[in-house]
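Undergrad: Place chain S on chain H using the hints.
Protein chains: 2
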Amino acid sequence: MNADSTKSWQAVQAEVLRRIRDREWKPGELVPHEAELARELGCSRTTVNRALRAVAEDGLLERRRRAGTRVALHPVRKARLDIPVIRVEIENRGLAYSYSLISRAEELPPPAVRARLQSPPDHKMLHVLGLHLAAGRPYALEDRWIDPDAVPEAREADFSRISPNEWLVLNVPFGGGDIAFSAVEAGPDEAEALDCAPGAALFVTERTTWRGSRMLTTVQLLFAPRYRLHTRI
Amino acid sequence: MNADSTKSWQAVQAEVLRRIRDREWKPGELVPHEAELARELGCSRTTVNRALRAVAEDGLLERRRRAGTRVALHPVRKARLDIPVIRVEIENRGLAYSYSLISRAEELPPPAVRARLQSPPDHKMLHVLGLHLAAGRPYALEDRWIDPDAVPEAREADFSRISPNEWLVLNVPFGGGDIAFSAVEAGPDEAEALDCAPGAALFVTERTTWRGSRMLTTVQLLFAPRYRLHTRI
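Chains H and S, in that order, are what the protein sequence lines are. 1 is the number of the first residue of the first sequence in the UniProt record's numbering; add one for each residue after it. 1 is the number of the first residue of the second sequence in the UniProt record's numbering; add one for each residue after it.
Same shape as in the complex, but just chain H:
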C-alpha cells in the first residue's frame, strides 16, 4: 500500500481483513503494534486504532489491554440485542397495547423457578401471570416470580394497571441478569391464553435478574406463534 495520510479507517480495515483472510496474519498470532502499522500503512495511529476496533468488534481480532492484539483463534460474531419493555415493542410496531392480569398470589415456586432464584424450599414468592396484547390479540404470556424480600415494593404494586415487566424496569434498577431463548410446544393452558393450537411451536425467553448477589425476579415470556426477534450483526 502507498503512503497516504488521508487513508480512511475503512481502507485500513479492508487491508487488515485481507491479511487475516490470506493468512499473512495467522490465527492466534500477535499483530504489529498500532504505531508500527501506522508507519507501514502511512496513516495516523488513530486511524489504525479505529480500524482494529472495527475488526475486533466483528470478532476476528482479540484485543487485550497489556497483551496486545491477536488474530482470533475462533472468530465469534457479536450481535447486540435491544430488549425494550413489551409495551414499547408493540407500540413501535404501530399497534395498540393492552395488558390483562390473569392471576397474582404469594406461593411456593416450583423447583425449576426455585433453582433459578436460588431460594430455599419454604420461601414464598410473588407469582404474577398476565397477558400482553397487541391490537387486542394475544402477543406474549408473562409468567413472573418476584422475591418479595428482595423487592418489597412489589407487594404494593398494582399489577392490574401496569405489567410487572414495565413496573420492574421503572422501579428496580438491577445489576445484571441472564437470558435464554428457546422453543417449546404450547401446553393446553398456554394455548388457550395465546389463542393458538395446543402443541404449536412458541418462542420463549427466560430472564433472571439480580442485584449484587441477590436474585430479584425470574420470568418466562411465551410469545404467540410466528413471533420473530430481530437484530443486526
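Bear in mind the hints are in silico, worked out from the structure with no lab data behind them. You may find that some hints are simply not true.
Copies of one chain are not kept apart here, so a pair can be met inside one copy or by any two copies together.
[What the hints assert, rightly or not] No farther apart than 20 Å at their CA atoms in a straight line, the calculated lysine to aspartate or glutamate pairs in the EDC-like style are these:
| hint | residue 1 | residue 2 |
| --- | --- | --- |
| 1 | Lys78 | Glu89 |
| 2 | Lys124 | Asp149 |
| 3 | Lys26 | Asp195 |
| 4 | Lys26 | Glu166 |
| 5 | Lys78 | Glu57 |
| 6 | Lys26 | Asp143 |
| 7 | Lys78 | Asp178 |
| 8 | Lys78 | Glu166 |
Nothing here was measured: the structure is a model prediction, and the numbers come from that model.
TA: For chain S alone, kept in the frame of chain H given last:
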C-alpha cells in the same frame, strides 16, 4: 452526598439510578453536565463519565454527542450475543463435533430466499444442506444459500470437509447482517434429519449477511429440540 474524592464510579452509578428511580431526574429530561455532577458529587469527571456510561449501557440514559445526556423515555435493556461458529459452540460444551453434508446444488431459490437475498427470479444460487452433530447426535440443520456471483470461491469449496458456516467465517469477511430468532414446528424431513417427532418445537435462527450493498448468503439454522441460546444482560 459528601464530597469524597475517592468515590467509586459504582457509588456514582447508584446515586444516578436513585435519582432516575425517585424521579428527581424525570424521563426525557436533560441531566446535568459531567463537570457539574463531578463538582456536586465531589469526584473526578472521569468517574462521572464511567458511571453515566454504565447507566446508559443499561438503557436508562440516552447519550448524544452534542445534545447531551437525557433520562431515557423508554428504557431499553441491551444484551450482547456472541455467535461463534457451530463447531466451536459444540466443542466449548466439551462435545465431539462432526458435520455431514446432505446435499449441494446450484438451483433456483424459493421466493422467501430470493426476497432475503434480493435476487432476480432466474438467478441460480448455491444451495448447501448439512447437519451439525454433537457427540454423534443431531445438533443443528444448516440450510444455506450462497450467491456464487458475490462469493465465487464458494464454487470451489469442499463442503464435505468443512461446513459453509465455518468456511464463510474464515474466508469471507462481511460488513453486516441481520438475524432473526423464532420457533417452528418440525416438518417431516426436518424431523428425520434431527431425529425428533414431526411437529416438535424447534428453535430457529435466520441470518442474512452482506458486504456493502451486495447480499452474500442467507441461512436457516434449525436446532434440535431443547436447544437453548444463552446470554447475559
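Undergrad: Determine for every hint whether it applies to the structure shown.
TA: Consistency of the hints with the structure:
For a Cα distance limit of 20 Å, the shortest separation of lysine 78 from glutamate 89 across copies, 14 Å, qualifies, whereas the shortest one inside one copy, 22 Å, does not. When the C-alpha separation of lysine 124 and aspartate 149 is checked against a cutoff of 20 Å, the pair qualifies only within one copy, where the shortest distance is 10 Å, while the shortest distance between copies is 61 Å. Taking the shortest alpha-carbon separations for lysine 26 and aspartate 195, neither the intra-copy value of 54 Å nor the inter-copy value of 38 Å comes in at or below 20 Å. For a Cα distance limit of 20 Å, the shortest separation of lysine 26 from glutamate 166 across copies, 16 Å, qualifies, whereas the shortest one inside one copy, 48 Å, does not.
Taking identical chains as interchangeable, the C-alpha atoms of lysine 78 and glutamate 57 lie at most 20 Å apart whether they share a chain (7 Å) or sit on different chains (16 Å). Taking CA atoms no more than 20 Å apart as the test, lysine 26 paired with aspartate 143 passes in neither setting, with 49 Å inside one copy and 30 Å between copies. In this assembly of identical chains, the alpha carbons of lysine 78 and aspartate 178 lie at most 20 Å apart whether taken from the same copy (17 Å) or from different copies (11 Å). In this assembly of identical chains, the alpha carbons of lysine 78 and glutamate 166 lie at most 20 Å apart only when taken from different copies (15 Å versus 27 Å within one copy).
In this structure, the hints that do not hold are numbers 3, 6, in rising order.
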